[in-house]
Structures are given as C-alpha cells and as structure tokens.
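Trainee: What follows is the residue order along each chain.
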Amino acid sequence: MEFKSINQLKSLIDENKISVKEIAQTYIKKIKEKKDLNIFIYFDEDKINNQVTEIEKLPNHKKLKGIPIAVKDLFCTKNMPTTAASKILENFNPTYESFVTQKLINEGSLFVGKTNLDEFAMGSATNTSYFGNTINPLSNKDNPLAPGGSSGGSAAAVAADLCLGSTGTDTGGSIRQPASFCGVVGIKPTYGLCSRWGIAAFASSLDQAGIFSKNVTDASILLEEIAGYDERDSTSSNVSIPNYSKQLNSKLNGKTIGIPKEYTVDGISDEINAVWDDAIKSLEKKGAKIKHISLPHTKYALPTYYIIAPAEASSNLARYDGVKYGFRADEAKSLDEMYEITRSEGFGKEVKRRILIGTYVLSAGYYDAYYLKAQKVRKLIANDFIETFKECDLILTPTAPSAAFPLNEKQDDPIKMYLNDVFTVPASLAGIPGISIPYGKDKNGLPLGIQLLGKHFNEQEIFNASFALEKDYE
Amino acid sequence: MKLDTNTINKIAKLARISLSEKEANDLLKDMNSILDWVEQLNEVNTDSVEPLANISSSTLPQRKDEAKDINSSDEILKNSPDKLEGYFAVPKVVE
Numbered sequence: 002m003e004f005k006s007i008n009q010l011k012s013l014i015d016e017n018k019i020s021v022k023e024i025a026q027t028y029i030k031k032i033k034e035k036k037d038l039n040i041f042i043y044f045d046e047d048k049i050n051n052q053v054t055e056i057e058k059l060p061n062h063k064k065l066k067g068i069p070i071a072v073k074d075l076f077c078t079k080n081m082p083t084t085a086a087s088k089i090l091e092n093f094n095p096t097y098e099s100f101v102t103q104k105l106i107n108e109g110s111l112f113v114g115k116t117n118l119d120e121f122a123m124g125s126a127t128n129t130s131y132f133g134n135t136i137n138p139l140s141n142k143d144n145p146l147a148p149g150g151s152s153g154g155s156a157a158a159v160a161a162d163l164c165l166g167s168t169g170t171d172t173g174g175s176i177r178q179p180a181s182f183c184g185v186v187g188i189k190p191t192y193g194l195c196s197r198w199g200i201a202a203f204a205s206s207l208d209q210a211g212i213f214s215k216n217v218t219d220a221s222i223l224l225e226e227i228a229g230y231d232e233r234d235s236t237s238s239n240v241s242i243p244n245y246s247k248q249l250n251s252k253l254n255g256k257t258i259g260i261p262k263e264y265t266v267d268g269i270s271d272e273i274n275a276v277w278d279d280a281i282k283s284l285e286k287k288g289a290k291i292k293h294i295s296l297p298h299t300k301y302a303l304p305t306y307y308i309i310a311p312a313e314a315s316s317n318l319a320r321y322d323g324v325k326y327g328f329r330a331d332e333a334k335s336l337d338e339m340y341e342i343t344r345s346e347g348f349g350k351e352v353k354r355r356i357l358i359g360t361y362v363l364s365a366g367y368y369d370a371y372y373l374k375a376q377k378v379r380k381l382i383a384n385d386f387i388e389t390f391k392e393c394d395l396i397l398t399p400t401a402p403s404a405a406f407p408l409n410e411k412q413d414d415p416i417k418m419y420l421n422d423v424f425t426v427p428a429s430l431a432g433i434p435g436i437s438i439p440y441g442k443d444k445n446g447l448p449l450g451i452q453l454l455g456k457h458f459n460e461q462e463i464f465n466a467s468f469a470l471e472k473d474y475e
Numbered sequence: 258m259k260l261d262t263n264t265i266n267k268i269a270k271l272a273r274i275s276l277s278e279k280e281a282n283d284l285l286k287d288m289n290s291i292l293d294w295v296e297q298l299n300e301v302n303t304d305s306v307e308p309l310a311n312i313s314s315s316t317l318p319q320r321k322d323e324a325k326d327i328n329s330s331d332e333i334l335k336n337s338p339d340k341l342e343g344y345f346a347v348p349k350v351v352e
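Protein sequences, first through last, are from chains A and B.
Going by my numbering, the letters in the first sequence line up with residues 2 to 475, in that order.
Going by my numbering, the letters in the second sequence line up with residues 258 to 352, in that order.
FYI, nobody ran anything at the bench for these hints, they're computed from the structure.
Please note that a few of the clues may not be correct.
[Unchecked claim] No farther apart than 20 angstroms at their CA atoms in a straight line, the calculated lysine to any residue pairs in the SDA-like style are these:
#, chain 1, residue 1, chain 2, residue 2
1, A, 325, B, 338
2, A, 377, B, 308
3, B, 340, A, 377
4, B, 349, A, 377
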C-alpha cells in the first residue's frame, strides 16, 4: 500500500477507512523490507505500537493524527535514544523532547524511527556516521549511491516511502542537497523560524531545522507545524507563522525571479544547466519575470563557511567530555587523560578534523586572521542577497553540482567533498530560506534538484513558486 | 605549509583530543590544504565591514529571568557513565 500525500492519508483516517494501527503495521512492514538500506539508526516496533494507543485517543482534528514521520537522529527525543550518529553519544537517552519533535507529537504524528546522518551533521554523503553508510533507495544493486548528507537518512526515508515526511537540519545544505540526491522535496526555512532547542548543536549561527516530504503541499503542512517562537532558543524569532498550505498559490504573475550569473560554475554537467534552463523557461511561461542578477561574493561563501562552521563546532562539541552522558573511555588514569582518550575514541575522523580546524582558527594570534575575517566576508555575502532582493522576489539556482554519486567514490580530498555545498552554503550564511524540489533527471535516470531562495521569513513565496514548478512533472 | 606536527599536537591538546602519530600526519596534510584554500578570503577588502555574528533580521525578544525546575537530578544522572551519591564521578584529581 502506498500513500501519496498527507492530505490523502488524513482523509482516509477521518473517514475511518484506515486505523492508526493499520498505518503503523503498513510502515513497520515497509521499513523491515528496506532494512538493507541502513536508513534508520533506531527502529523499534514496540515503540511504534505504544504510540498507536496514545494517538488513537486523540481527536480527528489533530492535523497530523496518524501521519508517519521519521526523525533525524540529531533531534533529542524522550522516548527514543539520540546518538547524532556518533559513538560519543551511544546510549544517550535525552531527558527532554526537542521543540520541533514535541510540536509534531502534539499534532498526533506517528514517529517511525530515528534516521541516519553524518556524525554530528558533518558531511555531504551520510558516510561519516558511526552506524555505517545509508544507501540511496534509487540505487541499483550493482552501483550503490550516496543519499547525500548530512540528513541522508531522512531524505532516503521519504524516497523509499518509509514515512510521509521527515525532519532534517540544514547548516550548509544538509537538507537541500540530500533532497536533490533522493528526488524529494526539502525545505530549510529562515534561520530562527524553528527553535533549535533540543537539536544537538553543530554551528549555532547556521543550524536550522526543516522538512523532507514527497511534495510541496506536504512540506508546507509540516513546516507550519514545526515553526514558531520558543523562549528556550535565544535566536528563535517571534514572527507570526502563515498558514502556508491554505495559501498555496501557483500564480506567478508580477513575480520577478533572479538568476545569479555566479552559479554558472566550471565543471557542472550540461544536464544540470539544462534542467536549470527548463525551470527558468517554465517560470517565465507561468507569468514570472526573469531577471539576470549578480551575487558578487558567491565564490567566497565556501571558504567562509569552512571557517565559521568548524569554529562554532569546536566550541559546541566541547561539552562531550565523557562526564555527563554518552561514551567514556575507561582506561584513563587522570581526568585530563579521560577527556583526551574519550574524545579521541568517541569522535570520528571528520568531526576531529573540524574540531581541530575550529580550535586553530579561534586560537590566540589567529582569531582575527581567520574567524573575524570570515565573519566580515559573511556580512558581504548577506548584503549581496539583501541588495538583490530589492529587485527580485526569488532566486532560482541548481541545488547540487551533481546527481547522487557512487557510495564508494573516493573521498580522500576534503575540499572536493566540501564543493558539494557550493550552491547551498551562500543562503545558509545569509540565513535566508531555501527549498530543493526534484526537477528532471540525468541520463542515468537519477533525479536532479533545483533550488529556490527567498527573503527572510518569506517561505510562502518559495512554496508558491515550487508548487507551480512541481506541476511540470505531475 | 602553515602547520607543523608540533602545532597540530598543541591544537589537539587544547581541544582535549589525543592523536596517534598517523592521525596527526593525516590531519596535518588535510588541515594545511584547507587553510591554504581559505586564504582566498584575503582577496576581499573588508576594511570598513562589520563582522556578522547574528543574521536574524527580526528583533529577538528576551525571556524573563526566572528559575524553572525542569529536570530532576536523578533523571540527568541516569545518562552519566559514572556517578556517586548524586554527583558525576570522574577519575581522581587530587592525590
């Protein structure tokens, strides 16, 4: 049995044509059948069945009653362990529920499990997880592909039809790039729209929660539930949340779409540029005005990001010391030795690399040259967008520089890996919202994504244009 | 080459991460290439630019400064690898 959308499944529930128990059984079966893809870090049938009893007691007006949702294992959940895909958080059972997952629970969601990710969300292929790679469900048997990352498990869960929606987090592209690789919709809202409370922190000035779904309408339904002000996150914005799904409107008359020349990058395949072109033509046909624009500091976004994100990570990850929770190495003789061995054995290679880069760029004598410099360039990158949005409503770009790549492709060169984020990082640095929707395929039949970026807190505009473009492939 | 093995080990000490010789050598190579790559930011003139630390465009409200009892210490201690009489226990610090 396949359910196509949240609205479809919700109608079946409302009309008593299906019970929450039947939904749970359907998805438990699906998840077991796809076990080989290693999409979930945590999956427990009993935990799903226990929720069924509670959800069935809820009134039908609960908007997500019985809707199966997968949760990225970076969100703290009270009823399921939380690992951040790291050995250092093995056996960690949070004593509280994250803001985002609590909102989903309040509306009656059925959590099917916790999805795999790159360790502490640091990566672009879900291949730095302590719990092994996730395989992209669109792969064929002879050539396993990466699902993208860091939220690869959440994107794969939607693509493999193991849930109707999932939560992700996006620091430099960790929702949009895997959405593109797995052929699903992924939205990273404005920084501050969703509370970060209860999400294991990576880079606090960039981290933002978001949604994966099968279509734009479902993304709009889920985002309006997880958005909102929370006094426990000091960067949470107190803005009113529109009813995105009710206001979806595919009319683009009078809208101006910016096409930034800096996103035409060497080494990007013709297929990706062709898909970009198709989307431009389609938007024009639907009544939008196309404007060629320039975001002059685009090429500095990646190096800026790879100073700021590791710096913040080195500070955030100082809390993992083997004292309060998680893994502790037991062979240490002194306190300092306990910290050092615990962190050495508890963190993986990529996480250690970023902690050390961060420690270096923040250390005495280097702070001004690296960290402060990066914060200044970040200001220029953010200003580029502010200036551009004076003359256009949205910006359209490709999401990722390639389709899903083979799982075993050599990832020796960290800079080459970081280039995966070339189109997604600038928006993260500017804190603006962005969506990736599937739009066309490459010659191997793999999905390609396009990205729409909007002004701060203008998610509605992004949903509307995506809703219009989505119809091209219905 | 910006970093040498001594600097790597010094940073690792600051970050409380012990490194094997092989790890230190691998990291030396990776970190030097990353630091060379980020050098390109020096092309950008930032003389009169204010550093951006918070990108929130809306005003951020402050909550009332009130104590709230959310977690019990018992619940928190449950996650600790070692505990003793209501405290986190660690290897002996004072002889």
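Trainee: Tell me the numbers of any earlier hints that the structure contravenes, in ascending order.
Mentor: 3 and 4
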